[in-house]
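Asks: Chains A and B supply the protein sequences, listed in that same order.
Taking my numbering, the leading residue of the first sequence gets 1, the next gets one more, and so forth.
Taking my numbering, the leading residue of the second sequence gets 58, the next gets one more, and so forth.
Read the hints as simulated data drawn from the structure, not as lab findings.
Ideal placement from N, C-alpha and C gives every residue a C-beta, glycine not left out.
Be a bit skeptical, because a hint or two may be false.
To give an idea of the chain B side of the interface with chain A (calculated C-beta under 8 Å), a few residues [as the list claims (entries may be wrong)]:
hint, residue
1, A67
2, C70
3, A73
4, I77
5, F78
6, I79
7, D81
The primary structure of each chain is shown beneath.
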Amino acid sequence: MRTYILYGFGILLCLSGIGYLAAEYVKYLSEPGKLACLILMVGMFAFFGRYFEKIGW
Amino acid sequence: MRRNLFLYLAIACFAALIAIFIVDGYLGIYDTVYVTAGEREQVIEPDYWLKRYPVPPPEFKAAYHMSAEWGQKVFFRYEIDNRRFSSYPTIVQASVWKENEKVLDLFSEDKSVKPFDKVMVEWTLLTQELDEAGLSVDGRAQYTVKIKHGEVERRIVVDLYYPTEPVYPKAVPPPPPR
Chain A
1 MRTYILYGFG ILLCLSGIGY LAAEYVKYLS EPGKLACLIL MVGMFAFFGR YFEKIGW
Chain B
58 MRRNLFLYLA IACFAALIAI FIVDGYLGIY DTVYVTAGER EQVIEPDYWL KRYPVPPPEF
118 KAAYHMSAEW GQKVFFRYEI DNRRFSSYPT IVQASVWKEN EKVLDLFSED KSVKPFDKVM
178 VEWTLLTQEL DEAGLSVDGR AQYTVKIKHG EVERRIVVDL YYPTEPVYPK AVPPPPPR
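With the sequences and hints as input, model every part of the structure.
Replies: And the structure:
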């Protein structure tokens with residue numbers, strides 16, 4: 001149980017770090033760049049969703 | 058293969074995201090200012106303006122501060138780097154401002170920068186010209202050199218000062234004989 005709490009804590013830190021870096025870098029992107037990133041993000045999560053659906057999650 | 062297809066597509070989207078960050082950061086119009094006053098050359102990289110104000114508020118303008126001696130020449134070199142697929146025609150203007158009023162025109166020229174090419178322009182700020190314009194320095198004064206091209210405006214605040222005589226320590230007289 002303790003291990004899973006630590007895993008969860010680690011994942012949370014990773015996600016918050018990536019989120020912070022992404023927010024910092026996004027400031028320097030042009031408007032078309034931001035739009036393309038948004039579309040790709042949606043596509044990425046959609047494909048991940050489909051993949052997990054296929055493997056039976 | 059069919060099951061992993063969506064995983065590959067997701068990975069491809071992630072790779073494209075990273076590629077956009079790199080390509081978008083590289084493409085654009087970048088400018089570098091080289092200022093030489095005395096024996097010291099200062100380079101103002103495009104990052105200087107970007108890091109401070111990624112989304113600059115229209116009412117606030119960033120400035121770079123430097124100092125020079127009155128009577129000394131201040132040499133400016135300004136490089137425009139066009140990292141776009143189209144050419145960049147513009148008028149490069151440089152002028153001296155004091156208290157929001159233009160004092161002196163330093164440089165003005167039409168330039169067209171080819172795609173993925175650079176253009177360098179040069180001018181010199183002579184303090185004598187400021188003297189002729191009726192401005193002098195009482196010990197110390199600040200002037201702003203504004204560089205404009207397109208919608209970009211760079212401000213360099215030049216702190217001009219009169220050279221002072223070096224003060225040497227006076228010789229200490231020997232103690233009186235007892």
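Asks: Each hint should be assessed against the structure and marked as holding or not.
Replies: Against the structure, the hints:
no.: 1; hint: A67; verdict: holds, 4 Å
no.: 2; hint: C70; verdict: holds, 4 Å
no.: 3; hint: A73; verdict: holds, 5 Å
no.: 4; hint: I77; verdict: holds, 5 Å
no.: 5; hint: F78; verdict: holds, 6 Å
no.: 6; hint: I79; verdict: violated, 10 Å
no.: 7; hint: D81; verdict: holds, 4 Å
When the structure is compared with the earlier hints, a violation turns up for hint 6 alone.
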